[in-house]
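Okay, here's what each chain looks like letter by letter:
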Amino acid sequence: MEGLLEKGIRAVRDLLQKGELSSEELTRFYLDRIERYDGRLGSYLRLTEDLALTMAADADRRIREGTDGDLCGIPFGMKDILCTKDVETTCASQILKGFVPPYDATVIRRLGESGYVHLGRINMDEFAMGSSTENSSFQITKNPWDLSRIPGGSSGGSAAAVVGGLCAATLGTDTGGSIRQPASLCGAVGLKPTYGRVSRYGLVAFASSLDQIGPITRSVEDCALVLKVIAGHDPLDSTSVPQPVPDYVAGLGKDIAGLRVGIPKEYFIEGMEQEVRAAVEGSLKTFEGLGARIVPISLPHTEFAVATYYIICTAEASSNLARYDGVKYGMRVEGKDIIDMYKRTRSRGFGGEVKRRIILGTYVLSSGYYDAYYRKAGQVRTLMRGDFDRAFERCDVIVTPVSPTTAFKIGEKTEDPLTMYLSDIFTIPVNLAGLPALSLPCAFDSKGLPIGLQIIGKPLEEGLILQAAFLFEGERKLKKLPDMFA
Amino acid sequence: MKINGEVVEYVAHLGRLELAPEEVELYTEQLDRILAYMDQLNSLDTTGIEPTTHAIPLVNVFRQDEVDYNFRVEEAVGNSPERKGSFFKVPPVIEVE
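Protein chains in written order, with our numbering: chain Z, 6 to 491; chain U, -15 to 81.
Since the hints were derived computationally from the structure, they do not count as laboratory data. Check before you lean on any hint, since a few could be wrong.
To be verified - Label-pair ranges, simulated between beta-carbon atoms:
(1) Asp55(Z) / Ser27(U): 49 to 59 Å
(2) Ser243(Z) / Glu79(U): 48 to 58 Å
(3) Gln279(Z) / Asp23(U): 23 to 33 Å
What the hints assert, rightly or not - Listed next, the stretches of chain Z that the computed footprint assigns to chain U, with coverage defined by at least 3 CB atoms under 8 Å from CB atoms of chain U:
(4) 278 to 289
(5) 308 to 316
For every residue, glycine included, the Cβ atom is placed at its ideal position computed from N, Cα and C.
Working from the sequences, and respecting the hints, build out all of it.
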């Protein structure tokens, strides 16, 4: 098992296919590591050991028979927002405690067809609302590089688990940065695909016009492998894009000579940590060294992104979360009549941030305020898409920081929701415009915390993003495993 | 418009939430600041601009209107906190005089 964590999925798959390693051994290796290390990290909510070993045995059989898919035998941790048949799925919320979906999300079905192994359910901000995973109603997850700090959110558990070596790969979901920001703060690779590239069927909805599922992995190649399996049209999601899926892995290693890399001046703001700025600026030299050309661009409506986003996402959330009413699934608190039952159930079942967003979303949609807030935000969203359309006439990809700071201390921002919201400034515009974007580590700061770099592409150009990221990663060769998990 | 406790309580009612007095106070203060921040959008002239509702334009996604039950009744109601046979059970909705 020596050196297993340094190997990518492809190298591990080679060992499995040659019979030098079995999926059962690999699965036990990860289950043992979780047992040993997750007490301090807090990334898993619940383990599914029996299911994992059954899936591993099945994977080993498929490998022997030669019917294995690209991810056959590879152990995943799963964000607790993706419906998995017969496996409790809670969204880290009291209100969904005990909910056992009778069906698989499409991404889970596709992973299953490929032959993955399900290790357990991973922690997150309740209903994916948050930037630090502190809004989970069950537990706090810590940053694997510094246990006094947050791992980012909402997919903080996923990023922490993959970097701590407690799963081979994982999926996150990203509504305003929930894959990229935790990937950045934990030093993982995280990709939010183009809106519609990956089916949302079976993803518990937060803000339906923004949500997307994507991989969180230890390397760019692993990210490409996972994306290839989960992407593609799905008749069960009417917003799914009916376009063929390219072979994302085949493009890795191709050179990027002449690639035009756009740098938006609005993304280098006051309040940004000096070390983050320096790391991103230093990264541009690496791209130039690879033959890319740096092009200054402007995204003039960036300053309006956070306000626009928190109107749209809370409005959509208030509508999506109306389904938790104590009738169909999850918890119920009895009341004197049906309205009273609804109110008691929802007030006990939802945490503080979820209630705050339901109230805000209900307010901006309510009679008399709809035009001033929701319609206005939709119009500004059009302006922001136009910014990107114009920028992409002059460049092929856009490179920016992911987060203005590295990982902050646990408890540092919980008292002030607006400050927490503002930490999403660099990731939100991508969701509003529906674009694909990847976060990968570019440096460590003087505290030893990872700094992420964001590469944004045109719609459906995940392949080009991965191609650029792969070469960048090869130049940097950064440390991947924190000492305390080695 | 300045948000106050009454507005927060009314909106919470619309969202089917009941709030403790200290929650009303907290949310009133926080929402007031958040909405003030959102007011910056009013500095943009958006006259004649169509709002974006979905980022990638897809229109008229149709399928044949054919019965395609994926779930057995037992699966569909199996997660309900209270049921009677194959039905969800709820408190009385209509008052009987």
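Is the listed coverage of the stretch 278 to 289 of chain Z by chain U valid when you require three or more residues with a beta carbon under 8 Å from a beta carbon of that chain?
This one is violated; 0 residues, fewer than the three required, reach chain U with a Cβ under 8 Å.
Holds or violated: the stretch 308 to 316 of chain Z covered by chain U, criterion of 3 or more residues with Cβ-Cβ distance under 8 Å?
holds (count 7)
Given the hint of 48 to 58 Å, is the C-beta distance from serine 243(Z) to glutamate 79(U) inside that range or not?
violated, 39 Å
Outcome for the supplied range 49 to 59 Å, where the beta carbon pair is aspartate 55(Z) and serine 27(U):
About 58 Å separates the Cβ atoms of aspartate 55(Z) and serine 27(U), which means 49 to 59 Å holds.
Cβ separation of glutamine 279(Z) and aspartate 23(U), checked against the hinted range 23 to 33 Å:
holds, 31 Å
When held up to the earlier numbered hints, the structure conflicts with 2 and 4 and fits the remainder.
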